[in-house]
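> I would like the entire structure built from these sequences, with the hints used as guidance.
2 protein chains.
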Amino acid sequence: MEIKVYKEIMEASDQIAQQIRDLLDNFRIFAINLISSPGSGKTTLLERLIPVLEESGIKIGVIEGDLATSNDAERISRLNIPVAQINTGSGCHLGAEMVHQALKGFPLAKINLLIIENVGNLVCPTGFYLGENIKIGMMSVPEGDDKPVKYPLLLNVSEAIILNKIDLIPYTNFNKDNFINYCKRINSKVKIFETCATTGEGITEFVDWLILKSKT
Amino acid sequence: MEIKVYKEIMEASDQIAQQIRDLLDNFRIFAINLISSPGSGKTTLLERLIPVLEESGIKIGVIEGDLATSNDAERISRLNIPVAQINTGSGCHLGAEMVHQALKGFPLAKINLLIIENVGNLVCPTGFYLGENIKIGMMSVPEGDDKPVKYPLLLNVSEAIILNKIDLIPYTNFNKDNFINYCKRINSKVKIFETCATTGEGITEFVDWLILKSKT
Chain F
24 MEIKVYKEIM EASDQIAQQI RDLLDNFRIF AINLISSPGS GKTTLLERLI PVLEESGIKI
84 GVIEGDLATS NDAERISRLN IPVAQINTGS GCHLGAEMVH QALKGFPLAK INLLIIENVG
144 NLVCPTGFYL GENIKIGMMS VPEGDDKPVK YPLLLNVSEA IILNKIDLIP YTNFNKDNFI
204 NYCKRINSKV KIFETCATTG EGITEFVDWL ILKSKT
Chain X
24 MEIKVYKEIM EASDQIAQQI RDLLDNFRIF AINLISSPGS GKTTLLERLI PVLEESGIKI
84 GVIEGDLATS NDAERISRLN IPVAQINTGS GCHLGAEMVH QALKGFPLAK INLLIIENVG
144 NLVCPTGFYL GENIKIGMMS VPEGDDKPVK YPLLLNVSEA IILNKIDLIP YTNFNKDNFI
204 NYCKRINSKV KIFETCATTG EGITEFVDWL ILKSKT
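In order, the protein sequences belong to chains F and X. When we follow my numbering, the leftmost residue of the first sequence carries the number 24, and every step to the right adds one. When we follow my numbering, the leftmost residue of the second sequence carries the number 24, and every step to the right adds one.
Honestly, the hints are just simulated from the structure, not real lab data. In this text, a Cβ means the ideal position worked out from N, Cα and C, and glycines have one as well. Be a bit skeptical, because a hint or two may be false.
[Claimed, not checked] Derived lysine-lysine pairs resembling DSSO-like cross-links, with alpha carbons at most 30 Å apart:
no., chain 1, residue 1, chain 2, residue 2
1, F, K173, X, K127
2, F, K82, F, K133
3, F, K212, F, K82
4, F, K199, F, K212
5, F, K199, F, K214
6, X, K27, F, K27
7, F, K30, X, K27
8, X, K214, X, K199
9, X, K207, X, K173
10, F, K199, X, K199
11, X, K133, X, K82
12, X, K212, X, K236
13, X, K133, X, K173
14, X, K30, F, K30
15, X, K173, F, K127
16, X, K212, X, K173
17, F, K236, F, K127
18, X, K82, F, K173
19, F, K238, F, K127
20, X, K199, X, K173
21, X, K173, F, K82
22, X, K30, F, K27
23, F, K236, F, K199
24, X, K82, X, K212
25, F, K238, F, K82
26, X, K127, X, K30
27, X, K207, X, K238
28, F, K238, F, K207
29, X, K173, F, K173
30, X, K236, X, K82
[To be verified] Taking CB as the label site, the calculated pair distances span:
no., chain 1, residue 1, chain 2, residue 2, range
31, X, N110, F, D48, 36 to 46 Å
32, F, N179, X, R101, 48 to 58 Å
33, F, V28, X, N201, 37 to 47 Å
34, X, Y29, F, D190, 19 to 29 Å
35, F, L46, X, N103, 55 to 65 Å
36, X, G112, F, V28, 16 to 26 Å
Laid out in structure tokens, this is it:
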């Protein structure tokens, strides 16, 4: 019975995700599902990324997922773009039905890129389709160079991995070659970007790729 | 139906956890369930902790939980203590049935402290009882001082929080007072320890508390 119920839940979830996809298609919106551990720097990355993208004429909307607080949505709203906060309570990932709900009343006509910042978790969010075009994974230097092989699910589903906090490499035993090799071992096609979200280092390369990606 | 199945699963899980508890009680073993994000330093902490505990006459066994690889068990086995690796595959937390299985053949008569290192995840592991005496949470400086309020479940269930990687404070915008206040806001009774697992800083204070705790 357990497996049957799980299958029913997943099918219902995928159906709602497809409704989101149809909705976004109607508005010609490209959507990203951004996944990382807690504290890898997702929100800080968005704070850096959004002004650069807006300068390129891209109009952005953000959905923030967290168990509790609206801290992240408040940070993003300072950039004067539309943002919705989802609080999952004890939920370990964003569900399609939550995103669908959050998009009601969202000014979809005014954006062409939707960034969904998932709950900080390297496991559960990888298994759920939210209507996005691509999933992007993020890992940060202090988490250690072995994380790609220990959490392979993220590599399996991500088109790109952002390695953040590269400014901390000198103060850790992080080996960048190992990290890249581990990523490629799980997903040979994955693109890897190196960033420091607090200083903005590496943001331009990622933005260039993202703009190209959103047009294909 | 979904809620009913969930309830049945949780009841079955708690029954197995109780069997683990009875088993450990028979052998007078104190058990810890160690929970953190990926890469907070759980295994490095154990590498530092175990020799100090063994010097105090405590005999330790370790269960390592990871999605993939036996890297952590290999690291711990170099300390010449009994260790079992559980690979959860796509599972986001250790389940009681996995721990119960891993304890078959485990030399329980030879240990008096069992450390269960859970899958790196700040959400799901907090909801499952594995027969442990206490849950201990770990957070690290690069994850940011706001994590206690954004992931309150861990604070709710933990008797102690280990703040690791304090050597990185000078290179980040981490505010320790904020971190401590946020922890206490969620759980006013929680003990907070500050460590640097790579250098061993703060390990003694934690060991002293743990030894006292395991005797009460």
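> Of all the hints given earlier, name the ones this structure violates by number, lowest first.
13, 32, 34
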